[in-house]
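Take the sequences, apply the hints, and build the full model.
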Amino acid sequence: MDAPVWILAGILVALLLVWIRQRFASFVAQSPEDYETGEPFDLRTHLSGPMVCDGVIYGPTGRVASRFSAEFDIHWDGNRGVMAEHFRYDSGTEQQREWRLELGNDGTVRAEADDVVGTGIGRQHGSALHLKYRIRLTEDAGGHVLSVTDWMYLAPDGAVVNRSQFRKFGIKVAELVAVMRPKPQEARDRAA
Numbered sequence: 001m002d003a004p005v006w007i008l009a010g011i012l013v014a015l016l017l018v019w020i021r022q023r024f025a026s027f028v029a030q031s032p033e034d035y036e037t038g039e040p041f042d043l044r045t046h047l048s049g050p051m052v053c054d055g056v057i058y059g060p061t062g063r064v065a066s067r068f069s070a071e072f073d074i075h076w077d078g079n080r081g082v083m084a085e086h087f088r089y090d091s092g093t094e095q096q097r098e099w100r101l102e103l104g105n106d107g108t109v110r111a112e113a114d115d116v117v118g119t120g121i122g123r124q125h126g127s128a129l130h131l132k133y134r135i136r137l138t139e140d141a142g143g144h145v146l147s148v149t150d151w152m153y154l155a156p157d158g159a160v161v162n163r164s165q166f167r168k169f170g171i172k173v174a175e176l177v178a179v180m181r182p183k184p185q186e187a188r189d190r191a192a
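Read in UniProt numbering, the sequence shown has 185 at position 185, and its numbers run on one by one without any break.
In silico lysine-lysine, DSBU-like type, Cα no more than 35 Å apart, as pairs:
1. K172 / K183
2. K168 / K132
3. K183 / K132
4. K132 / K172
In case anyone wonders, no lab produced these hints; they're calculated from the structure.
Listed below in structure tokens is the structure:
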């Protein structure tokens with residue numbers, strides 16, 4: 001009779017430790033205030049005009065599931081912006097997306113896109129931006145709705161490093177890491 005009680009107690013302690021780690025010492029435990037120092041990340045300055053992006057998507061096992069390159073065109077009118085995205089994946093698939101952004105005077109960010117369920121809510125503070133939203137995958141990817149925690153960090157050279165985790169029922173199912181930077185002038189000249 002004592003052994004089942006100890007086993008149950010051990011399981012409960014293990015679950016509590018996992019929860020504490022998730023809550024206080026993981027990617028999702030970050031706070032915008034953690035990034036007060038450094039150059040301020042102004043979206044209207046650092047995410048503006050033609051940009052290029054390269055990144056990888058990790059699957060649930062931590063292995064690279066997909067690689068991509070993208071071109072963004074971002075325009076601002078005061079505190080409202082539109083980010084048009086064109087992705088090219090290593091599978092040959094291409095994807096067009098568009099974010100509609102609204103910045104509050106207090107550092108808040110509201111974000112909408114056609115595949116986002118509701119409105120994404122975030123906060124810019126210091127050299128980082130934190131955004132949370134729910135995204136609906138395409139039907140060929142299962143049509144699931146995933147919860148996304150998105151962090152963007154301003155690098156010293158002006159590049160923006162993006163890390164996103166995608167979760168279903170609280171379990172991480174994918175992670176994205178990407179770097180965005182202004183499109184080089186020579187590439188912009190060729191495209192014109």
